[in-house]
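Engineer: Protein chains in written order, with my numbering: chain A, 1 to 464; chain B, 465 to 777.
One thing to keep in mind: the hints can contain errors.
[As the list claims (entries may be wrong)] With the C-beta cut set under 7 angstroms, the calculated list includes, among others, these residues of chain B facing chain A: (1) Leu466; (2) Ser467; (3) Arg468; (4) Arg562; (5) Ala563; (6) Arg565; (7) Thr566; (8) Leu690; (9) Tyr723; (10) Gly727; (11) Tyr775.
Keep in mind that the hints were calculated from the coordinates and are not lab data.
Where a beta carbon is used, it is the ideal one built from N, C-alpha and C, also for glycine.
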Amino acid sequence: MNGPGGVRPAYAMLAKWLEATPREVIDYRRREAEFIFRRIGITFAVYGNAEAQERLIPFDIIPRILMADEWKKLAKGLEQRVTAINHYLKDIYGKREIMRAGKVPEDLIFENPVFRPEMNGKPVPHNIYVHIAGIDVVRVNENDFYVLEDNTRVPSGVSYMLENREIMLRLFPELFIDHRVEPVDNYPDELLTTLKSVAPVSSSGEPNVVLLTPGIYNSAYYEHSFLADKLGIEIVEGRDLFVKSNILYMRTTEGPQRVDVIYRRVDDDYLDPLVFRPDSSLGVPGLMSAYQAGNVTLANAVGTGVADDKAVYSYMPEIVKFYLGEEPLLKNVETWRCREKDHLKYVLDNIDELVVKEVHGSGGYGMLIGPKADKNQIDTFRHKLKTDPRNYIAQPTLALSTCPTAVNEGVAPRHVDLRPFVLTGRNRVRIVPGGLTRVALEKGSLVVNSSQGGGTKDTWVLDR
Amino acid sequence: MLSRTAESLYWLSRYIERAECLARILDATTRLVALPQAYGGQTNEWQSAVATAGCVQSFQNKYGKEADERSVVEYLAFAPDNPSSIRNCLETARQNARAVRTALTGETWDAINTSWNELQKMKPGMSREEISGFLDFVKDTSLAFDGSSFRSMLRNDAYWFVRLGILIERADATARILDVKYHVLLPDQEHVGGPLDYFQWASILRSVSARTSYHWVYREGVKPWLVADLLILNRQMPRSLASCYENLSRYLDDLAQFYGRQGNSQRLARAMLTKLSNATMEDIFQTGLHEFITSFIAENNRLGGAITEQYLA
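Extracted from the complex, chain A is given alone in its bound form:
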């Protein structure tokens, strides 16, 4: 939506349809959508909530729509950003030119808990670190997309992009005939092609790609099994794999079979108990040595956390310029790094107008929204900021764009963001036109995270 009452041109046709469609029909389709979701079992586990162990993410039947031009511009910016991130990671674990040039402070990298010294000087296959990135963007005006967050470790949510579209096609076939929406259902093929293209040089024949999951109790397990199914690859747990002579194998009903590429949905910490957390049984002993020997590709690579930490985020415009010599096409939200004295002072002085986030936080946990917080919460955060300033950054609250959303009172504007998925393979970046649109269902709320009660929408990129 475009200011009070204004409707962007992309929504003109949809607005007409909404006006012409009776409330009961919309309500009925909403219930139908929920029924389908529950029946196919697309659920989402919320940590620390035993009763709602398997919960549905609310789905909003009104799509978020982008015109072809808007998308083209966004996609170019995404490709630029992710390409720069891959250069940056290669540099950090290699020559470290960006630090020598004084563009990124050394201690921000070396003292960062997600920096992996094990990766120093170890090349990764085809120099790609981030094969799958989920870049969270918001638009604040007609022309500009801002990046909120780069997710370069194990971004999730792509199953919702695919399932939301499936459900919309089932429920509203007539809308698709009018709108000509770019398809997204080739994503699994693009992902598989990307993963196969980065197989280690030492592997022979058709590469064996598997998806590594922490198991059925993980909050994103549905997505893991969904993707493995669509890709036609095995979904494995650590106990299905073993390493012998630096080669990775999986246990099958016909004996051991070599694994070439792991699409891993397990965090660095849990990959290999011999190198990382020794108490974890999710990983595979010896995996890191097979990886360092170049006999298996991990997608994403180990140690990519130093690209999506919220403090590193603030340097991203510098990073793009340094490696590509181009102006960044996507903007960064202004960010105060509390590790710097003058920034910290500014944050403490203006805390009631800012959003304060933990550098490593995610899922909307551990953050303070200044304008909505009470005195108690603000005092708590002031104290946290003073005792551990390096752990925090602060940003202004943005005037996020809104999108019409079906709520109990009818159709009303709600804040949205968008996570497109960027695939980087050997010699090529692929982006499926669309992504996961998350919507804050509470009136006025800016928090779209599913763990905090946010919902999702289908995302339409029109062909014109």
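Guided by the hints, dock chain B onto chain A, whose structure is given.
Structural biologist: For chain B alone, kept in the frame of chain A given last:
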């Protein structure tokens, strides 16, 4: 196929089959105890149900008293602390199904997930009527699972591991029913034809859903040795030991051909099938029905172990 996937498929179907067998046992027991005292005999049928389910010890530890309707229905159908209660069987089955969703067809997953969603709505403290509805629901779940896997799954290793789980569990369940009731099936002249045992035999048939089948096969009144024949040697009867082994042997051969390798489980299944093919009821009664069944249960467990070792570990 991943060994763990095969393992989950195998246990998924075993647990669904187990839930169905328990439902049938509870159903048959309820009918039997509803008869007037004179027909009921001296045995405690609820105790027999616990014995058939193979959990006498854990039941005793929990309740410390003689089995009655309330405690047995609660323990076998709903108890969260009984790992093989019907509720836990369905929970475990779905957990296994979730772990291998990619190896199941949409229809098969749907059958399991839909029934699990239903199960979540059920509250404890059911009336007799509700319990009878619940037992039907369990049988329907098993039918829906069996039917959807039969109709939609590719005929490859995934399907065969599902079938193997069902058949090993089914052979075990039929043998356990026989084990607990073998005394009423012995050709003991004193009891033959007595009204008391007639209802016991009918109840055995009911617990394997074979009351009608019996009449089609033998075309005469219910006789104990024929009941034993139907459950042990008759290959037309899908829950008989012979039928289970005919199919176990067949699916294991399919697997061996698919993988191009034979193993211990193929040998064990074939040996048992030969034994059942060559046996007659006279021989079995002569050498002892009880001994025969006890040794069958042990052999069947051994085959389960061999399948695990050969494919699932």
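Engineer: For the restraint on B/Gly727, tell me whether the closest CB of chain A is nearer than 7 angstroms.
Structural biologist: violated, 11 angstroms
Engineer: With 7 angstroms as the cut and Cβ atoms as the points, is B/Tyr723 at the interface with chain A?
Structural biologist: holds, 5 angstroms
Engineer: Can B/Arg562 be said to touch chain A, with a Cβ gap under 7 angstroms?
Structural biologist: holds, 5 angstroms
Engineer: Quick check on the hint: B/Leu690 CB to chain A CB, less than 7 angstroms?
Structural biologist: Violated: closest Cβ of chain A sits about 41 angstroms from B/Leu690, beyond 7 angstroms.
Engineer: Against chain A, run the beta carbon of B/Thr566 and see if the smallest gap drops under 7 angstroms.
Structural biologist: holds, 4 angstroms
Engineer: Closer than 7 angstroms between Cβ atoms is the bar; does B/Tyr775 clear it against chain A? Give me holds or violated.
Structural biologist: Hint holds; B/Tyr775 Cβ to chain A Cβ min 5 angstroms, cut 7 angstroms.
Engineer: Given B/Leu466 was flagged as interface, is its beta-carbon under 7 angstroms from a beta-carbon of chain A?
Structural biologist: holds, 5 angstroms
Engineer: Under the criterion of a CB-CB separation shorter than 7 angstroms, is B/Ser467 in contact with chain A as hinted?
Structural biologist: Holds - the Cβ of B/Ser467 comes within 7 angstroms of chain A, reaching about 5 angstroms at its closest.
Engineer: Go through the hint on B/Ala563 and say holds or violated, using the shortest Cβ distance to chain A against 7 angstroms.
Structural biologist: holds, 5 angstroms
Engineer: Closer than 7 angstroms between Cβ atoms is the bar; does B/Arg565 clear it against chain A? Give me holds or violated.
Structural biologist: Nearest chain A Cβ about 4 angstroms off; hint holds.
Engineer: Quick one, is the B/Arg468 hint okay against chain A at 7 angstroms, beta carbons?
Structural biologist: holds, 5 angstroms
Consistency with the previously given hints fails for numbers 8 and 10, ordered from lowest to highest.
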